[in-house]
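Those sequence lines, one after another, are chains U and D.
Numbered per the working numbering, the first sequence spans residues 1 to 216.
Numbered per the working numbering, the second sequence spans residues 217 to 432.
Just so you know, the hints here were simulated from the structure itself, not pulled from any lab data.
Quick caveat: nothing in here was measured; it's all calculated off a predicted structure.
Just so you know, nobody snuck in bad clues.
Capping the alpha-carbon separation at 20 Å, the derived lysine to any residue pairs in SDA-like fashion look like this:
1) U:199 / D:416
2) D:415 / U:198
3) U:113 / D:418
4) D:288 / D:275
5) U:199 / D:233
Derived list of chain D stretches under chain U, where covered just means 3 residues or more per stretch with a C-beta under 8 Å from a C-beta of chain U:
6) 262–270
7) 296–305
8) 401–410
All C-beta atoms, glycine included, are put in the ideal place defined by N, C-alpha and C.
There are 2 protein chains.
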Amino acid sequence: MTKIGNLPIPLQKKLPPRSVERLSKYRRLLGAIHPGNGEYIFSHDLAQLLNLTPEQVRRDLMLIGLTGSRRKGYSIKALIELIGKTIDKREGYNVAIVGVGNLGKAITAFIRKTHTRLNIVAAFDVDSSKINKETAGVFCYDISQIPTVVRKLKISIVILTVPSHVVKEITGTLVSSGIKGILNFTSVHLDVPSDVYLKDYDIITSLEEIGFFIKK
Amino acid sequence: MTKIGNLPIPLQKKLPPRSVERLSKYRRLLGAIHPGNGEYIFSHDLAQLLNLTPEQVRRDLMLIGLTGSRRKGYSIKALIELIGKTIDKREGYNVAIVGVGNLGKAITAFIRKTHTRLNIVAAFDVDSSKINKETAGVFCYDISQIPTVVRKLKISIVILTVPSHVVKEITGTLVSSGIKGILNFTSVHLDVPSDVYLKDYDIITSLEEIGFFIKK
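Using the sequences provided together with the hints, build the complete structure.
Now the structure itself:
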């Protein structure tokens, strides 16, 4: 079994997005398995729980330097730890929610309920009734304070739930303030530098896509 | 220019998910362009607005039987209409929200604000304080009424925002009641029949994925 410490960083960086996604799911699933269910798990059991092939699971785990024992499978504890070492930053991530309307508030509450290494440390809005107080349990700043607050609180990821007509301008400010990751809940296409990791959660487009594929 | 009426349905069905996604985006973008900006658009202009290559745009439009004129480009009106004929069902889609906590309510309000062919016709919950009245502008039924209401209101798509421990059971009921499309906001992996189109919006996993890729 190779220790993650032996893996050069560039190799870790090369993990495909799908593998990272699955590793995150393996960990969540394993964390939910009651300790009484045993200390080891076989790749085929893990695969079955997530509808994957055992080969896929073994390939993902090999990518982070983990090989199971043929007799016992993988140590659940080692698995959870190694996935954490691979995909987590030691101190967690500081996340801000930009736009705290109903959707922004609900997403904030949802994330705060789950126990992850994602710390929502700030909210931004233009609504003076929300600014300078807590909203959804997070302190809300005026949007004009983005450059200062992002740097001061070391925010690296934002969740964007602002109205369409201001998305581009705000994204520009966020990127120039040093934001490196964006989860975009708006339907606006964003053009970000290559060192910014963007993930689109475009609800309307996704529902239209679903609608198309179920059309008779 | 080929009319969509000439395209056999099986050909339309073969559109790749990514093309459907982009077609939906083209339409939204074109709908937002002020009529004063001209009646025609070139593939390279459309491409630039969405950070795509002109070849990609032309390929997508060819898939739905549309070719532009070299001199004028594509008629914006024809484009919007043809995309609609391809990806919309004539009468729109009846959608239900299953689980109307804060996230469910916010998503419902968000979709109702946009003008799409997605009709949110029902909500389902277990909370007796919500049942048999409107919540987020949609009538809320007891979760036990899923089989009856799904059939009666011809609901084909659901948005799932229920707590993790009930997701699997509720999904089973939804599928056996005839649901064909699911937008899954929970972190639970769903195992659905091949004729059900599933799209996962797993916020925590996506944030962890973003976190991994921006890790220094």
